[in-house]
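Asker: Chain by chain, the residues run as shown.
There are 2 protein chains.
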Amino acid sequence: MAGNLYRNVGLKTAFRWLSPLKAASSVAKTLSPGFSGGLLQTPRPASSGVRCQELHAGGRSPTQSPSAAPERGTFSRVTPEDLAFFRELLPGRTITDPDLLEACNVDWLKSVKGSGEVLLKPKTTEEVSQILRYCNRGNLAVTPQGGNTGLVGGSVPVYDEIVLSTALMNNVLNFDSASGILSCQAGCVLESLSVYLEDRDYIMPLDLGAKGSCHIGGNVATNAGGLRLLRYGSLRGTVLGLEVVLADGRVLDCLTALRKDNTGYDLKQLFIGSEGTLGVITAVTILCPRKPKAVNVAFLGCESFEQLLQTFQRCRGMLGEILSAFEFLDRDCMRLLNTHLKLANPITDCPFYIVIETSGSNPTHDEEKLHQFLEETMRSSLVTDGTVATEESKIKALWSLRERVTEALTHDGFTYKYDISLPVERIYQLVTDMREHLGDRAKSVVGYGHVGDGNLHLNITSPAKDPALLASIEPFIYEWTARFRGSISAEHGLGLKKRNYIYYSKSNMAVDLMGSIKILLDPKGILNPYKTLPDDLQ
Amino acid sequence: MAGNLYRNVGLKTAFRWLSPLKAASSVAKTLSPGFSGGLLQTPRPASSGVRCQELHAGGRSPTQSPSAAPERGTFSRVTPEDLAFFRELLPGRTITDPDLLEACNVDWLKSVKGSGEVLLKPKTTEEVSQILRYCNRGNLAVTPQGGNTGLVGGSVPVYDEIVLSTALMNNVLNFDSASGILSCQAGCVLESLSVYLEDRDYIMPLDLGAKGSCHIGGNVATNAGGLRLLRYGSLRGTVLGLEVVLADGRVLDCLTALRKDNTGYDLKQLFIGSEGTLGVITAVTILCPRKPKAVNVAFLGCESFEQLLQTFQRCRGMLGEILSAFEFLDRDCMRLLNTHLKLANPITDCPFYIVIETSGSNPTHDEEKLHQFLEETMRSSLVTDGTVATEESKIKALWSLRERVTEALTHDGFTYKYDISLPVERIYQLVTDMREHLGDRAKSVVGYGHVGDGNLHLNITSPAKDPALLASIEPFIYEWTARFRGSISAEHGLGLKKRNYIYYSKSNMAVDLMGSIKILLDPKGILNPYKTLPDDLQ
Numbered sequence: 001m002a003g004n005l006y007r008n009v010g011l012k013t014a015f016r017w018l019s020p021l022k023a024a025s026s027v028a029k030t031l032s033p034g035f036s037g038g039l040l041q042t043p044r045p046a047s048s049g050v051r052c053q054e055l056h057a058g059g060r061s062p063t064q065s066p067s068a069a070p071e072r073g074t075f076s077r078v079t080p081e082d083l084a085f086f087r088e089l090l091p092g093r094t095i096t097d098p099d100l101l102e103a104c105n106v107d108w109l110k111s112v113k114g115s116g117e118v119l120l121k122p123k124t125t126e127e128v129s130q131i132l133r134y135c136n137r138g139n140l141a142v143t144p145q146g147g148n149t150g151l152v153g154g155s156v157p158v159y160d161e162i163v164l165s166t167a168l169m170n171n172v173l174n175f176d177s178a179s180g181i182l183s184c185q186a187g188c189v190l191e192s193l194s195v196y197l198e199d200r201d202y203i204m205p206l207d208l209g210a211k212g213s214c215h216i217g218g219n220v221a222t223n224a225g226g227l228r229l230l231r232y233g234s235l236r237g238t239v240l241g242l243e244v245v246l247a248d249g250r251v252l253d254c255l256t257a258l259r260k261d262n263t264g265y266d267l268k269q270l271f272i273g274s275e276g277t278l279g280v281i282t283a284v285t286i287l288c289p290r291k292p293k294a295v296n297v298a299f300l301g302c303e304s305f306e307q308l309l310q311t312f313q314r315c316r317g318m319l320g321e322i323l324s325a326f327e328f329l330d331r332d333c334m335r336l337l338n339t340h341l342k343l344a345n346p347i348t349d350c351p352f353y354i355v356i357e358t359s360g361s362n363p364t365h366d367e368e369k370l371h372q373f374l375e376e377t378m379r380s381s382l383v384t385d386g387t388v389a390t391e392e393s394k395i396k397a398l399w400s401l402r403e404r405v406t407e408a409l410t411h412d413g414f415t416y417k418y419d420i421s422l423p424v425e426r427i428y429q430l431v432t433d434m435r436e437h438l439g440d441r442a443k444s445v446v447g448y449g450h451v452g453d454g455n456l457h458l459n460i461t462s463p464a465k466d467p468a469l470l471a472s473i474e475p476f477i478y479e480w481t482a483r484f485r486g487s488i489s490a491e492h493g494l495g496l497k498k499r500n501y502i503y504y505s506k507s508n509m510a511v512d513l514m515g516s517i518k519i520l521l522d523p524k525g526i527l528n529p530y531k532t533l534p535d536d537l538q
Numbered sequence: 001m002a003g004n005l006y007r008n009v010g011l012k013t014a015f016r017w018l019s020p021l022k023a024a025s026s027v028a029k030t031l032s033p034g035f036s037g038g039l040l041q042t043p044r045p046a047s048s049g050v051r052c053q054e055l056h057a058g059g060r061s062p063t064q065s066p067s068a069a070p071e072r073g074t075f076s077r078v079t080p081e082d083l084a085f086f087r088e089l090l091p092g093r094t095i096t097d098p099d100l101l102e103a104c105n106v107d108w109l110k111s112v113k114g115s116g117e118v119l120l121k122p123k124t125t126e127e128v129s130q131i132l133r134y135c136n137r138g139n140l141a142v143t144p145q146g147g148n149t150g151l152v153g154g155s156v157p158v159y160d161e162i163v164l165s166t167a168l169m170n171n172v173l174n175f176d177s178a179s180g181i182l183s184c185q186a187g188c189v190l191e192s193l194s195v196y197l198e199d200r201d202y203i204m205p206l207d208l209g210a211k212g213s214c215h216i217g218g219n220v221a222t223n224a225g226g227l228r229l230l231r232y233g234s235l236r237g238t239v240l241g242l243e244v245v246l247a248d249g250r251v252l253d254c255l256t257a258l259r260k261d262n263t264g265y266d267l268k269q270l271f272i273g274s275e276g277t278l279g280v281i282t283a284v285t286i287l288c289p290r291k292p293k294a295v296n297v298a299f300l301g302c303e304s305f306e307q308l309l310q311t312f313q314r315c316r317g318m319l320g321e322i323l324s325a326f327e328f329l330d331r332d333c334m335r336l337l338n339t340h341l342k343l344a345n346p347i348t349d350c351p352f353y354i355v356i357e358t359s360g361s362n363p364t365h366d367e368e369k370l371h372q373f374l375e376e377t378m379r380s381s382l383v384t385d386g387t388v389a390t391e392e393s394k395i396k397a398l399w400s401l402r403e404r405v406t407e408a409l410t411h412d413g414f415t416y417k418y419d420i421s422l423p424v425e426r427i428y429q430l431v432t433d434m435r436e437h438l439g440d441r442a443k444s445v446v447g448y449g450h451v452g453d454g455n456l457h458l459n460i461t462s463p464a465k466d467p468a469l470l471a472s473i474e475p476f477i478y479e480w481t482a483r484f485r486g487s488i489s490a491e492h493g494l495g496l497k498k499r500n501y502i503y504y505s506k507s508n509m510a511v512d513l514m515g516s517i518k519i520l521l522d523p524k525g526i527l528n529p530y531k532t533l534p535d536d537l538q
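First to last, the protein sequences are chains A and B. According to the UniProt record's numbering, numbering within the first sequence proceeds without interruption in unit steps and concludes at 538. According to the UniProt record's numbering, numbering within the second sequence proceeds without interruption in unit steps and concludes at 538.
A hint or two may mislead.
Any copy will do: because identical chains look the same in the list, a pair fits if it lies in one copy or spans two.
[Stated by the list, open to error] Below, in silico cross-link-like pairs of lysine-lysine (DSBU-like), each with a Cα-Cα straight-line distance of 35 Å or less: (1) K121 to K293; (2) K443 to K121; (3) K293 to K394; (4) K394 to K291; (5) K293 to K443.
Please keep in mind that the hints were generated in silico from the structure rather than gathered at the bench.
The whole structure should be built from the sequences, with the hints applied where relevant.
Answerer: Structure representation (structure tokens):
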């Protein structure tokens with residue numbers, strides 16, 4: 001899968017950027033003062049004093065891509081003394097064998113690759129604390145890593161950062177079956193937690209394609225969205241507590257298990273979505289919903305996106321509280337599923353397909369609601385064809401049409417991936433405009449995603465890496481998104497790949513404040529360097 | 001209402017603390033270093049290096065209550081030049097008439113009273129920005145004020161702080177009926193927004209007893225909980241965007257209207273629940289749920305709290321996604337409602353009463369679910385009696401039994417109010433233990449609250465202010481709460497009254513980090529001084 005996109009870079013060589021991203025655009029530097037607040041004593045590098053529209057006005061050499069890695073920071077290199085310390089602290093769990101390091105140095109898209117020489121596998125918060133205290137003193141950079149399933153190059157080293165893996169921190173700490181509050185270590189795999197909870201009549205409030213590999217700590221660190229957000233809300237509401245080890249090794253214990261706590265600032269929110277740049281999440285408490293007694297999935301076809309949106313409105317009204325997902329894919333996605341994965345279209349050919357899921361407490365009521373809704377939408381010709389599944393195997397088959405689009409894309413060629421958030425009525429217009437804009441320069445331009453959340457996954461393929469095509473896509477796509485106050489990263493985060501595009505979705509002031517918070521919590525910048533923050537604040 | 005608790009303090013006299021709170025306990029100071037991070041250059045006052053259990057070990061004079069106001073900060077006093085500036089900026093909206101200042105200087109419980117001499121009523125964000133820029137330069141302290149309905153003394157001046165009211169910032173900015181995302185100025189009254197949305201087939205995701213007065217900006221600044229949290233989650237999930245004016249007058253625009261946005265740290269979370277100490281919220285975008293097509297309310301009686309909890313479990317299973325509230329009050333609450341407000345008990349006398357609300361999209365389904373649930377709980381003797389309402393007037397009557405307990409208490413005598421969050425199975429044990437602990441020293445010890453959120457409102461009355469009684473309540477109640485990792489303020493916040501009790505629910509490190517964030521965002525400390533942060537960090 002995507003093997004053709006991957007250039008093997010020898011270990012211990014310098015980092016090389018393998019991403020297809022490369023743009024003529026660049027980040028302009030100006031003299032606008034950074035956010036200083038009360039603590040800033042020494043001048044910080046001036047922030048990029050430009051807004052989205054001006055991002056490409058000049059400054060850095062136009063041959064350098066804004067997503068290319070910056071120069072290596074002035075971090076120390078790992079010495080034999082350092083290794084001796086780690087080996088004593090983590091006997092058998094300090095990995096330096098190049099073969100074993102391979103997997104943690106490359107992201108799952110195989111689009112970025114680092115040269116980390118040490119992989120540490122702590123089991124306890126205390127061990128994480130000792131590692132970071134040591135690294136902070138010694139000025140050693142650290143990349144925290146969960147399941148390494150991120151899509152923006154946030155979870156692998158860029159140069160020789162030490163990889164701190166949460167893989168062995170996989171214990172459930174507590175589960176309160178009265179309240180549905182789960183407390184666990186950060187390295188628990190999402191699917192394992194789901195299985196654990198299903199036995200206890202609960203489910204996790206989030207579900208992702210990567211559930212078999214991703215860690216809950218990584219989910220929280222990246223503020224993962226996924227398929228259930230429409231129903232159960234974001235992790236900002238469902239995560240009740242966190243334990244975090246800060247850059248200097250101190251343990252910040254906010255691991256409460258309460259639905260309500262208004263005693264001061266909600267510090268844990270700083271770490272949700274900070275991609276490991278502010279601290280290492282070591283434990284999580286999360287509020288879990290009851291396992292629904294009935295789940296139904298409908299797969300429908302629509303003639304236009306306008307009709308799809310009308311179907312969504314009617315669906316919200318008629319299915320109301322049992323609606324748990326409203327996803328879509330377009331005809332081109334279906335074509336890729338047919339061609340590359342041999343998945344058959346269960347209904348007649350249409351420009352748009354919808355996956356609707358209901359989850360409820362009364363199977364009879366849910367079926368009745370769903371049938372009433374389907375009858376009405378068919379009668380009013382909002383949808384042209386459809387099929388419904390109530391059995392688990394059939395439900396899985398329908399869901400796979402939505403979930404396996406990513407996989408189908410990897411077989412179609414070199415893929416340029418975008419994860420855009422927009423007012424819901426705008427989301428497909430971007431695909432149409434992009435298709436028109438690119439003409440026959442792209443092999444496929446496909447759109448799918450979470451209609452209920454206004455989240456579009458726009459993917460563009462070409463037979464091979466194509467800098468000219470990329471130059472046509474960017475900054476076009478970011479400017480288009482910024483025009484409607486959308487987000488250039490709805491759920492994937494910024495990581496390494498998108499850090500310099502932040503100004504399309506955040507004001508200078510907001511970015512400056514982010515920089516000040518980074519300096520407050522990680523003054524030496526050892527935590528996941530080169531990620532999340534734009535280069536002018538690194 | 002509560003008029004007997006209110007001592008009239010002449011304007012322009014120094015602030016006087018009228019709260020009943022007074023304890024022999026005090027905050028110990030130690031040499032433990034404060035949270036410094038990377039920016040701290042000068043030593044900060046050492047933080048209170050004690051944990052909950054040790055809070056009362058010594059240090060400050062034992063005659064000084066931890067909730068008493070600290071000394072006035074070294075802020076400037078308002079001069080005629082300042083007034084001239086404000087009058088030019090806000091003609092007719094710069095209030096200095098003592099009669100008109102009365103209401104904004106005292107909280108609605110009439111428990112705290114300040115001596116603010118200026119009330120400013122901006123209409124625009126730009127005006128708020130100019131006010132704060134001016135005040136920050138001139139070192140003038142400012143108390144932001146919404147509907148002034150808080151219960152912890154957070155919304156009124158302590159000394160002569162300038163009151164910055166959001167009362168005239170009451171415009172709806174936008175409503176997207178496709179997504180249910182509302183954008184409005186901070187001064188919109190919650191009930192007005194509810195009315196606005198009802199016409200558009202939506203509702204606000206929060207509902208409070210104070211809805212007729214409270215402002216949405218104040219709701220967000222205090223992270224208000226209320227009656228719908230069980231169903232729609234907290235404001236941390238439903239607030240999508242904020243516009244905030246920082247202490248120095250700069251406008252932080254995070255007013256996006258997107259369900260998903262993972263472009264960097266979620267800065268708006270800093271301001272949710274910070275009680276106006278980090279910035280002044282000027283506009284809010286919030287995700288609103290569809291208006292339910294059917295609402296039912298059941299009022300039930302239980303013989304024991306154990307049975308009440310079992311009823312809750314069964315309720316969650318059987319009503320599932322249509323459950324929108326599960327509230328309780330005890331027999332003593334009912335006695336107060338009967339005695340002081342002449343409200344009749346609609347069912348037979350019981351030790352515990354439950355209010356269950358369902359909200360759903362299909363009236364027939366909802367009634368069926370509710371009746372099945374009621375039948376089963378009656379058959380299994382979990383509840384002993386009950387009544388159900390589907391008409392709006394009857395629904396209101398049943399709800400008033402829960403909502404008017406606060407009012408009934410004010411007629412019972414001097415009230416000591418606590419707002420505690422605990423693991424749900426513990427919440428009533430605290431009431432029982434407190435009753436036993438106080439014996440006949442208290443007039444009434446009553447418990448009510450949000451079972452679904454593990455949130456207990458424990459209230460204790462006495463014929464008059466009673467320092468000896470208070471000394472029996474505190475620190476007993478805080479220690480009890482800390483023992484079970486509860487929160488000493490579930491939804492009311494810390495404000496002035498509870499700021500020094502923070503260590504019962506937050507670690508030293510967390511409080512130190514709060515202090516560093518305060519210094520970063522408001523280095524002169526002009527925003528709502530003496531609130532939220534404990535005195536050792538003021």
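Asker: Next, verify each hint and record whether it holds.
Answerer: Evaluated hints:
Taking the shortest Cα distances, K121 and K293 never come within 35 Å of each other, neither inside one copy (39 Å) nor across copies (53 Å). Neither within a single protomer nor between protomers do K443 and K121 lie at most 35 Å apart by alpha-carbon distance, with minima of 42 Å and 58 Å respectively. Within a single copy, K293 and K394 get their C-alpha atoms as close as 17 Å, and across copies as close as 32 Å, so both meet the 35 Å cut-off. Taking the closest pair of Cα atoms, K394 and K291 come within 35 Å of each other both inside a single copy (19 Å) and across two copies (33 Å).
Taking identical chains as interchangeable, the C-alpha atoms of K293 and K443 are never at most 35 Å apart, the minima being 43 Å within one chain and 47 Å between chains.
In this structure, the hints that do not hold are numbers 1, 2 and 5, in rising order.
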